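K.L.:
Listed here are the chains, written in short residue letters.
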Amino acid sequence: MKEYSLFIGCTIPVRAMNYELSARKVLDFLKIPYRDVEEFTCCGYPLESVDELSSLTASAKNLALAEKYGTNVMTLCSACTGTLTKAKKILDENDEILEEVNEQLKVLDLKYERKAEVHHIIRVIMAEIGLDKLKEIVKRPLTGIRIAPHYGCHYSKPTSIFGDLDDPEYPTSIKRVVEALGGTYVEYENLMQCCGGAVMGVDEKLALKLAGKKLEHISDAGADAITLVCPFCYIMYETNQRRIERDLEKKFGIPVAFLTQLIGLALGIDSVDLGFKINRVRPKDLLAKIESA
Amino acid sequence: MTQTDVDSGEKSTITSDQLDPNFKYEVAKELGGKAVKFCYQCGTCAAGCPIRAIHAEFNPRTIVRMVLLGMRDELLKSEEIWHCSNCYTCYERCPQDVRPTDIIMALRQIATREGLAHSSFRQQVDLLGDMGRLYEITELEEGKRERLHLPQLRAKTDDIGKIIEKTELKKKIKGEKGGK
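Protein chains in written order, with my numbering: chain V, 1 to 293; chain B, 1 to 180.
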């Protein structure tokens, strides 16, 4: 198995340490080789809205570093996944743009050589371990746990960049993982709706309104938990859940778990080691159900 | 936006001398704007847009139409081009592969060159220039990470600062007009 460079991005190490913690624990457990790269910086996502060349160069910088260590990139955040994958596609298909970007990269003495690939951790697990194998090694199946997925947008869209990794309207990768873990996958109204995270800086009210709509739909479907794969979506549904409850004068109290946290639980890893103490919406009932089974 | 004025019945006539007939070509030159001229205004983008559903002022179809009409000034100064959540729903569904998400990105980039970047993005560029990351890693985070046995991180680097200096974004983002 080729080694991966773990790309944790800006948000996870500060605002979603439970994602990072559970990802590392699960990778160690599954013996997927990865390294940390101290020189990694922002993926380039926020720069895309202001300057294409700067964004592509920031992405290429990180890709070049992964190449320097002879690795592929493993991302946790969907925005990083989308941005790096898009940059790679543009740079791999356009000689002129690659040249221009590498010209900028000279200030850091780096060069992108079109070698590094970009893979989201869930896809790494699916490809390197496989769902049949995962199912086999589950120690604590999530039997009877009703799990509502939130795929997020940059995990599989646009398909012009991601290809057919997942269907843009009806994705199934999280479904397949949840079912391999023994859980019950819960569908709900408007399942593919965006979390609104990308508008948070521009119009907080609007972003929270969007997130609130989804929490209502998930609540109506009667889920025990939401699972997701991106720190921005997590901040919208988890970190901001109480605030949304106040705004809507409703109580949701739906725990939100990163998919890596659920994988870890099913593999028998202790919930504290998976960072569940960091979750603000207390997952006590959820954990009790899983741990007592 | 103008479309809203029309919807609400308020008069807002635009005369042709206020339009820039070359704007669509300007947008089409951007990486994300290539397909703008293919739009036949079917409205599939607006129908699926999650922002449009809760915020009537935002409408991807209107934005593309305004590009085609040449309403350059109005678009670049509008708050609405910053309201897209880039969820790619319209991008996936557009029968003409116009990629409205990318067109809106192109509009933001043109606006930035005119000194009209939204303040929230200006702040983000400043942070990235100073630290190379969006969130500061303070002693508090360092302590938390240590307790969780997570590796210590390099808190600051000027790598992104060097990149945006080289690409001249650092200069562009300041702008003379002050933006929003």
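If you are wondering where the hints come from, they were derived from the structure by calculation, not from laboratory data.
Do not take every clue at face value.
[What the hints assert, rightly or not] Derived, one-sided and incomplete: chain V residues facing chain B with beta-carbon distance under 8 Å:
| hint | residue |
| --- | --- |
| 1 | E38 |
| 2 | P46 |
| 3 | V138 |
[To be verified] Once the Cα atoms are required to be at most 30 Å apart in a straight line, the calculated DSSO-like pairs of lysine-lysine come out as:
| hint | chain 1 | residue 1 | chain 2 | residue 2 |
| --- | --- | --- | --- | --- |
| 4 | B | K77 | V | K106 |
| 5 | B | K34 | B | K172 |
| 6 | B | K77 | B | K144 |
| 7 | V | K89 | B | K162 |
Note that the structure is predicted; figures quoted are calculated from it, not measured.
Think of the CB as a built atom: it goes at the ideal place given N, C-alpha and C, for glycine as much as any other residue.
K.L.:
Among the hints numbered above, which are violated by the structure, and what are their numbers in rising order?
P.N.:
Hints 3, 4 and 6 not satisfied by this model.
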